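Based on the hints, put chain A in the right spot on chain W.
Number of protein chains: 2
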Amino acid sequence: MSYPQLTFVNTIFPSSSPSFISRRREVVYANTLLYQLNVLKETGRYDAFKLKWHKSYSDKPNVWPVPNHLFWDSDVAKWLEGACYFLNWKENTEIDGAVKELVGMIREAQQSDGYLNIHFTVVEPAKRFTNLRDLHELYNAGHLIEAALAHERHYKNDLLMEPLVKYVDLLYETFGPKPAQKHGYPGHPEIELALLRLYERTANPKHLALARFFITERGNPKGQYGRHYYDVEAEARGEGEHQVPAYMESKGAYWYQQAHKPITEQETIEGHSVRAMYLLTAVADLVRVEEKTDHRSYRTALERLWSNMVDKKMYLTGGIGAMEQWEGFGLDYFLPSGSDEGGCYAETCAGIGVMMLAERLLQIDLDGKFADIMELCFYNAVMTGMSAKGTQFTYVNQLASSDKNLSQRAKWFTCACCPPNVTRLLGYIGGYLWSFDSDEEKKSVHVNVHMYSSAQLSILVGKETVELEQKSNWPWDGKIEFSLRGSSKVATAIKLRIPAWAEGWEISPELPSKHIEKGYLSLSGEWLKQNPKFELNIPLKPRFVSPHPYTNQDIIALARGPLIYCLEDFDNSWVDDHFKSLLLDPAAVVEEKEAAADEVGEPYIGLTVRNAVSFIGVNNVHAPHVSLKSTTPEKPSGADELHFIPYALRDNRGGKGHMRVGIRRKR
Amino acid sequence: MSYPQLTFVNTIFPSSSPSFISRRREVVYANTLLYQLNVLKETGRYDAFKLKWHKSYSDKPNVWPVPNHLFWDSDVAKWLEGACYFLNWKENTEIDGAVKELVGMIREAQQSDGYLNIHFTVVEPAKRFTNLRDLHELYNAGHLIEAALAHERHYKNDLLMEPLVKYVDLLYETFGPKPAQKHGYPGHPEIELALLRLYERTANPKHLALARFFITERGNPKGQYGRHYYDVEAEARGEGEHQVPAYMESKGAYWYQQAHKPITEQETIEGHSVRAMYLLTAVADLVRVEEKTDHRSYRTALERLWSNMVDKKMYLTGGIGAMEQWEGFGLDYFLPSGSDEGGCYAETCAGIGVMMLAERLLQIDLDGKFADIMELCFYNAVMTGMSAKGTQFTYVNQLASSDKNLSQRAKWFTCACCPPNVTRLLGYIGGYLWSFDSDEEKKSVHVNVHMYSSAQLSILVGKETVELEQKSNWPWDGKIEFSLRGSSKVATAIKLRIPAWAEGWEISPELPSKHIEKGYLSLSGEWLKQNPKFELNIPLKPRFVSPHPYTNQDIIALARGPLIYCLEDFDNSWVDDHFKSLLLDPAAVVEEKEAAADEVGEPYIGLTVRNAVSFIGVNNVHAPHVSLKSTTPEKPSGADELHFIPYALRDNRGGKGHMRVGIRRKR
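Chains as they are written, first to last, in my numbering: chain W, 1 to 667; chain A, 1 to 667.
Mixed in with the good hints there might be a few duds.
No copy labels: a pair is met if it fits in one copy or bridges any two.
What the hints assert, rightly or not - Under the rule of at most 20 Å between Cα atoms (straight-line distance), these lysine to aspartate or glutamate pairs were calculated in the DMTMM-like manner:
1. K50 - E101
2. K666 - E634
3. K656 - E464
4. K389 - D598
5. K442 - E526
6. K60 - D231
7. K629 - E503
8. K251 - D59
9. K411 - E599
10. K629 - E591
11. K251 - E324
12. K666 - D585
13. K404 - D332
14. K404 - E267
15. K127 - E42
16. K593 - E108
17. K629 - D311
18. K60 - E235
To be clear, the hints were calculated from the coordinates, so they are not data collected in a lab. Note that this is a predicted model, so its numbers are computed, not measured.
This is chain W alone, in the form it adopts within the complex (with noise of 0.2 Å):
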């Protein structure tokens, strides 16, 4: 068992050591998902698989030629999944009610040839498979796909399983090499990894070569009657010559849908930051698959595009994705930290896309380098995405407010696929904090701990289990307490991740070897035999971190173990430009601070600065440019104190919404 949507059963979360992860949980489960189903009810969503017309079919889209309704199947699949994962944790019969009748539902709207999809069955049931390059219906597909599986190992029923093998049946008939075949892929990836998990459950050869398919397939210049298929379909369809969906930069720009070039042949990460994220997850995932074919140039392209996106194409906060137009990445090293500074996206399912690729990578190459990744987008990028009471949401995440767009969340959104997706993930959370395999043979168990929190790991083998808890309070304590049972039945070897921005780590008891091998400190079975209690201690100190200089944003951030700060109004009521004109200090001393759960929701761990604030001088003419001798000096502020919150915990108290993470660096 690989995947985090499937080991997550063997982890839980004690109730008797509540952590970061366990709080948000509790609030998913107490308040998001009743509150998601309804929205999901008010807005026609819930019902939507009963095939009526919906007054608001009728709308004209926002973004052509996308409906707006066009995503339903995928946001009630999203809560759909989510759902299961936190029924398996405990039960609730109002949820469980739901999930049953939306099961229904969706059972009852397959349509006898297998195809299940709300807007090509109820508005145009004659554009089926007409354009894949813009409407969602693989995307939806894939994300039903995810559902069922969920659904049937929650429910050991295959009531949902069942209409969307058939479906798969239909798709593997309509899709691939064979001449009569569509040449096609979707304009969204997901199906892609969708598949692979559905293969895995069901060993299903098409499952498999249908995904290998659309990958493979993927930006073929002459892939369909000796032409790119989205020109070929566009052609077919009658589109204009001239008609580009405003997202796209022009006409035929398909790196936009990662589809201008065979994967193995794109040097860069480019486009909507979501799709090359799902993409290049199920790349990640056939590649460990098919680990006796030759991928070595998928490996490669997997290595190229995750160094250029991380190095020089991803925020402070782990956020991805710069430019609004497209949703996606923008040229190397433009990272502006704002809409009114020339972009920020980062939206939060795009980092919850690259969470889902770096737990795919360490899976066929175990580097902490990927997990770091993974934790930073957790705790910033993604989990900045839910009001502590888990009832608003953002889909942009930027680094900073501005009059237009303020910091803050809102209830819901026309295209809501962050919401839900944010519900699914902290469903499976316990997924993401450790792999492991174990042979019942050879009695053997490895664990790699990824991410630490307070939680239990449970590995049945053969009749032996063994469990590894681990007790802390991370993000907000770098102390660590293991305890490991079992491990005298079965030989049991742990790596532990140590974070790169660690500035040092101790383990306890002593360790006779300290070798890191690709940030992961290995304890040997025998050593765990002798020390089946031990201590990991990893000093969280706050630091100063900057972006790349080619970013052009001289800034400097707060950073503390793996959390990123900002700025906000709320605690520095004197802000009136957004912190724009704000210089700091780095060589301030800073100081921490606990800090109640309120309406935070959690108790936290605040910084302040002192004595370290000036502002720059701005209201001088500078027009276009001004002599560095006529430049107004610094002024000091009126402030003496700057007050810092985790990112995350950002816009839940209130306040005008300014708000800045990354702060103009004194010199």
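Below, chain A alone, put in the same frame as chain W:
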């Protein structure tokens, strides 16, 4: 006479004291005019008014829906206009012959109803006036009017003026406020300023009225049948709902052509930068022409849009436009140095447009802030647009090269607006040096000196001639010797511009009052009678300048007088990264060194900085952020010296094409 296109004849550049300007004019006369004439012939433009089919008319447009040859009328017109200006200075049989032949062809090309346009006569005769938004019909007409004005003045016949006046009659009938008329206006302004100049010549109220109509109607949301004219027009020609030219951000985004709302309601300067400049030049001129009309709302709009541009959207060089997609303005303070850093366009024509606007604004408000920008643009954003030999040109003027966009000029362009625009500008540049007005009755003259050079101005007042001569090696030397002749019989007052960047200045003989009002120093008639020879001295010292901190460009550039300098690999051959990682210490001592003309065509002052060169650490992994503590410290460079050359003189000596204006500031 109040247009530089008219007053330039009052100025001569004595060959006895050559200057930067006169040397540039010599180059255009000796090389550029004939070189461009040859290109016009080779490319088919010269013969196009013969109205025969040219094979290129079948080419697919590079930018839909704009045929590549659509601007040919204006390319010829601008060359004609420039040729007439230069012929006024020195005769040239070949140029004279070409002008006459072209005028003959243009006359023949006119349709019986007065219509005069190559594309809409030869290629799409049925589509006349059906797409004012995109197709440059009225823009071409404007340039032809300007050519006619220059031609009539030089040749003292109406061979070109006659058909243009007839064409304007047709336009006057076609466009206007009457119900049966089209309530349209050009997508690319130009005809407005041409019509105002035509009105000055003809005093025909129709010419003024048409200009006023185009200006006041622009951006009317209910101009045609209660809707925006461009919407109605697009619908009428059957434009698809989702067809949008690539240069427009989205359907109906008429800010591209400054037609999103009436000019008086436009808060910020937006869209295509050349269009904006040509439009506002006409607005300023309308305010001047109709001085008795209450045009306060246009005046405040001009002031507001000028300030927004200069303070927030102008490069160090005077260049405008950061966005390639719409060849125009980006967000406030969004001014990256190059295409690899987010964009930098700064089209040559846009720089010329800024000069045109500044000159018109000086007419309605004598404020040195306009003249400062006019001079900055001329010596940097504009003069960088032509090679020393006058046979290579730029369209885009980035402030930093990149591997994709080297610092290199081209021989010509498909869209060739810039090369002949530089030609005609240098033809009448004398008109920018100073403005004047005289009163025959009072026998008085006022001269405002805006720019310094070696030049002589002659003004006829009744039967007396007043001559003002300035002698200077500007912009290399800040000493300017003035001689005033003829002021004994004509009361003469002079105002001298003191640039805002001047750190000091002296005038001798001593002046009793040295009060500067809005950037100009007044010399009274009395003082001038006693001191017909005087000397102004503005010490030119190298200075470091920087843009506004909100640009997030923490750079410094070297300036000296009006000139902005740059680094080129020719002088700094060690460079391999376009000076991207270079750090420059603003405390460094800067040395001046006189350099011979050589390939640069101009004896110039180079600047050298010693022992101040280091590089920022950029090679270590920062992904996506790095602790400040672990940032690689600056590395000393192997190079001891940095050699700077004026930006205007770049790319004349070969090299790899690495260049940068603003250098990362060492703190």
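Hints versus structure:
no. : hint        : result
1   : K50 - E101  : within (11 Å within a copy, 76 Å between copies)
2   : K666 - E634 : both (9 Å within a copy, 17 Å between copies)
3   : K656 - E464 : neither (56 Å within a copy, 69 Å between copies)
4   : K389 - D598 : within (11 Å within a copy, 73 Å between copies)
5   : K442 - E526 : within (15 Å within a copy, 110 Å between copies)
6   : K60 - D231  : between (25 Å within a copy, 18 Å between copies)
7   : K629 - E503 : between (41 Å within a copy, 10 Å between copies)
8   : K251 - D59  : between (25 Å within a copy, 18 Å between copies)
9   : K411 - E599 : within (17 Å within a copy, 65 Å between copies)
10  : K629 - E591 : between (36 Å within a copy, 18 Å between copies)
11  : K251 - E324 : both (18 Å within a copy, 17 Å between copies)
12  : K666 - D585 : both (5 Å within a copy, 16 Å between copies)
13  : K404 - D332 : between (26 Å within a copy, 13 Å between copies)
14  : K404 - E267 : between (35 Å within a copy, 16 Å between copies)
15  : K127 - E42  : neither (28 Å within a copy, 51 Å between copies)
16  : K593 - E108 : neither (56 Å within a copy, 85 Å between copies)
17  : K629 - D311 : between (36 Å within a copy, 18 Å between copies)
18  : K60 - E235  : between (23 Å within a copy, 18 Å between copies)
Going through the hint list in order, the structure does not satisfy hints 3, 15, 16.
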